Amino acid sequence: MILNLKNEFEDVSSSIYISSDVRDVASAHVQAFEVPSANGRYCLVGHVTSMAEVLKILHELHPSLFPPEKYEEANPSEPTYQVSQEKAKSLGVSFLPLEVSLRDTVESLREKGFLKIETS
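For the sequence shown, the working numbering assigns the number -3 to the initial residue and increments by one for each residue that follows.
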């Protein structure tokens, strides 16, 4: 998603972004295996937010990558739903903040050479 956003911006005024950090998903898998009371299915959604908010966070992290004109004029619609995290939290799963997930994703892409970031 981040690599696509760098090259092509979607209509940020109406896009909703649903995410789960892979570290949270891995933790949930371990917890589901280790917690005796765990049974059934678990919906793991860390964040439901507007794409404009995602772009704003990415711009704050790396201004050269994500220009503000793509989200400043957007009037993003609020997510029309939220996904309950209660069942996942009953396993002991806690979700990383969106800012941390985005920062670490950009850094990982940079380290692996998939994303070039201009330094000032």
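It is worth saying that the hints were derived from the structure and are not from the lab.
Note that the structure is a prediction, hence the values are computed from the model and not measured.
Just so you know, not all the hints are guaranteed correct.
Stated by the list, open to error - Listed next, with one range per pair, are the computed distances between beta-carbon atoms:
| hint | residue 1 | residue 2 | range |
| --- | --- | --- | --- |
| 1 | H25 | K112 | 32 to 38 Å |
| 2 | P59 | S90 | 48 to 54 Å |
| 3 | E103 | Q78 | 49 to 55 Å |
| 4 | S33 | K112 | 25 to 31 Å |
| 5 | A22 | S60 | 18 to 24 Å |
| 6 | K112 | K85 | 35 to 41 Å |
| 7 | G36 | E107 | 22 to 28 Å |
| 8 | F110 | A34 | 31 to 37 Å |
| 9 | P59 | I12 | 22 to 28 Å |
| 10 | L105 | V21 | 14 to 20 Å |
All C-beta atoms in this analysis are idealised placements derived from N, C-alpha and C, irrespective of residue type, glycine included.
Provide an ascending list of the numbers of those earlier hints which the structure does not satisfy. 2, 3, 4, 5 and 7
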